[in-house]
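Everything in the sequence shown is counted per my numbering, starting at 9 for the first residue and increasing by one.
I should point out that these hints are in silico values taken from the structure, not numbers from a laboratory.
Beta carbons are placed, not taken as given, at the ideal position from N, Cα and C, and that holds for glycine.
Any given hint could turn out to be false.
Here are the simulated distance ranges between beta carbons [claimed, not checked]:
| hint | residue 1 | residue 2 | range |
| --- | --- | --- | --- |
| 1 | Asp-41 | His-12 | 36 to 42 Å |
| 2 | Gly-34 | Arg-70 | 38 to 44 Å |
| 3 | Glu-13 | Val-46 | 29 to 35 Å |
| 4 | Trp-44 | Phe-14 | 18 to 24 Å |
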Amino acid sequence: MLRHEFHPGKLVAGLFLLAVAVVYAGDAGGIWDAPWFVALPMVMVGLLIAGVVAAVHGIRPRSSGRSGTRRSPD
């Protein structure tokens, strides 16, 4: 049983922010050279995709088991 509701938009945003952190950690470690301006497009694209995912998740139809519908008495 899930302890909380799943939020895929937050997951996508977190993955993009983690990718930005990995890019700059690699730059700090000397593995590769990342320009200073690479973070802004990565974060903005990540937030855009996270917003689209959250919107799609929010407007999709819910399953009938969770909607709280009542059965008619027999």
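(message) When the structure is checked against the list of hints, which entries are broken? Sort them ascending.
(response) As far as the earlier hints go, only 4 is violated by this structure.
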